[in-house]
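Student: Kindly generate the complete structure, drawing on both the sequences and the hints.
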Amino acid sequence: MVSEKLSKKLKTLVEATDLGQIRSEYKAITALFPYAVWQERDGKHEMLNAFLYVVGASKWFGFMWNHIGPLFPKLLDEESHISLKRASVLVSPHLRWWSLPTSKHLIQPLATAASAIPYTNEVGMSVVDTLLQIASDHSLRQYIPLDMWSWLNTHPPLPPVCRGRYLAGLSNTLQIVQALGDIEILKSFLLLVWSEWNGLYFEGLKETYSSIWDDLSEIEMWHHREDLLKHLDHVLGQLDLGLEHLRQRDPDINEDGIQQRKDQYRTLQKVLLEVDMEATEMLIGEPLRLAIHFCPLTSIDRHKVPLNVYVCSSPPVSIVACLGYSLPLP
Amino acid sequence: MLTTIDPASTALEGIRKSYAADIPGMANFDGLQCYHEINAVHATLVGRRRRLFFEWMNYEPTTQEHVFFANTLARIAHKGKQDGKVPRWILRFVIHSMSHDPPPPIPVITDCLTIIAIDLECDVSHARALGLSGRYVDLRQLWVSLTVKVVHSQWRF
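In order, the protein sequences belong to chains A and B. The first sequence begins at 1 in this note's numbering and counts up by one. The second sequence begins at 1 in this note's numbering and counts up by one.
Treat the hints with care, as some may be off.
In silico DSS-like pairs for lysine-lysine, Cα to Cα no more than 30 Å straight-line [unchecked claim]: (1) B:Lys85 / A:Lys5; (2) B:Lys17 / A:Lys8; (3) A:Lys5 / A:Lys27; (4) A:Lys11 / B:Lys85; (5) A:Lys11 / A:Lys74.
Pairwise CB distance ranges, derived in the manner of DEER restraints [unchecked claim]: (6) B:Gly84 / A:Ala116: 41 to 51 Å; (7) B:Asn28 / A:Leu243: 49 to 59 Å; (8) A:His45 / B:Asp30: 16 to 26 Å; (9) B:Asp101 / A:Tyr53: 16 to 26 Å; (10) B:Ala11 / A:Asp256: 54 to 64 Å; (11) A:Asp77 / B:Met57: 40 to 50 Å; (12) A:Asp77 / B:Asp30: 28 to 38 Å; (13) A:Ser210 / B:Met26: 50 to 60 Å.
Here are a few chain B residues that face chain A, going by a calculated C-beta distance under 8 Å [unchecked claim]: (14) Leu12; (15) Glu13; (16) Gly14; (17) Ile15; (18) Arg88; (19) Arg92; (20) Met98; (21) Ser99; (22) Ile106; (23) Ile109; (24) Ile116; (25) Asp119; (26) Leu120; (27) Cys122; (28) Val124; (29) Ser125.
Simulated from the structure, these hints should not be mistaken for lab results. Heads up, the beta-carbon is just placed ideally off N, CA and C, and yes, glycines get one too.
Tutor: What follows is the structure, encoded as C-alpha cells:
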C-alpha cells in the first residue's frame, strides 16, 4: 500500500512539472532506488519505471544522492541478476560521478554489465551519457576501458538535457577521443555532441576546429565529412524551427543560446567545406578548382569515377568535370 | 530518562535542554558497541540545532534489532520532521537498510518505505508501521536496549 502511494506520488510530481519540488526531494527519491531494484529483480517494473520517470523529468545533473554509492558494486557484480545490471546502467547517468568516492572502481564493472544486457535505445543512451560524463573528468577518464568507447558508434538518441553531451562540448574530451585513433568513433563523437540542444564552449570549440583539419582533411575522409555536413544541416534545420518549438522539449533554452549555436554550427559547416575543398584540390589539382567554386561541393562520389572523368555530387547540384587527364585514384 | 513523550508537550524540549547541557553536540561515539543507536538518540535530541553525520556502513543488526529500530525511526520520522523534512540521517538509514542483499525483512521494508513516504508528504496516517495510535514518539524501548549495551562500552566525548 505504501509502495503504491509512493509510485503514485512520483508520477504526480512529474505531472505537476514542478522541477523545484522534484529536485528538493532528491534524497528521499534516491532512497527509493534500492527498493525499486529489488522489485525489478522480482519482475515488478512499476517502481523502477516511476523512479526513472521522475529522475529523467528532473532535468537535473547528478540527481542521485551519493549515499547510494555503496549499492552499486553489488548491482554490477558479475554474478548479479541481469535486471539489476540493467537498472544500474539505466540510472548511471544520474550518479554524481565527479564526487562519488567509489567512482573509479565502478567504471569497468559498468562497462561489463552494459555489454551483458540486451541493447535498447535507453541502454545505449545511458551508457553514452555516462561515458561522456566520465570522459570529461580528468581523474576518471583513465579508468575507461577501451572497448567502452565503441558505444559511441551506437548513436543513441540523447535527450535534450544530457549532462554527458553538455560536458563533452565544454571540455577537452575530444582530445581523448582523437587519441584513440579510430575515425569511426571520432565521427560518432562529433555526431553526438553537435546537437541543437547544446553548443560547444571553450576548449571544446577550439579543439573541434583543429580536429577537423587534423583528422578529417584526408581525401579518403570524404564520406565522414559528408555525414558530418548532413548532420550539421539537420541540426541547423532544427534550430531554424525556433524557440517555441525547441522549448517544448527543453524549457530552459533561450533565443541567445539558439543564435550562438547557429553561429557555431555554421562556422563548423564552413570549416568542413573548406577542408573538403582543400582535399579535393590536392587530389585533382587546379583545373577543377574554378568549377568547384560554383557549386556547394560537399563530397566526391568515387564510385562513379572513370579514369578521366570526375563526378562531384552535392545534392541538389551535381557537376561533371572532364579533366582531360588521368586521376590518381586510390 | 526518555519515556513516552508527547512531541506537542514541553517535556521533550526540557529533555533536549538537559541533554544538551550534559552532552556536547559534537560528542564522538566511535567505538561504542551501540554506536548507531546512541547516535540515533543523540541526533533526535540535538539534531534540530546542528547537522549530524554518522555512518551506517557497519550497521549489521540482528533481524529483531533491525525490525525494532526501523519501526522506531519511522515513528521519529513521523513526529520529528524538521522544516517539513525527515532528518537526513534517517534517510541514510533507509538507504543502508534497503541496500542489503538479500533485502531486509518485510517489516523493515515497510517502515523504510513509510519514512520515504513521510518525507515525500504522502498520506501515511493509516500506515500500519506507525500504529493506529502512533501519537507519541516512543523512545523508551530504544533507550532500554541502549543502556544494556552502554555498560559494556566506553563513552568518549
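Student: Broken hints, numbered, in rising order?
Tutor: 2, 8, 11, 14, 15, 16, 17, 22, 29
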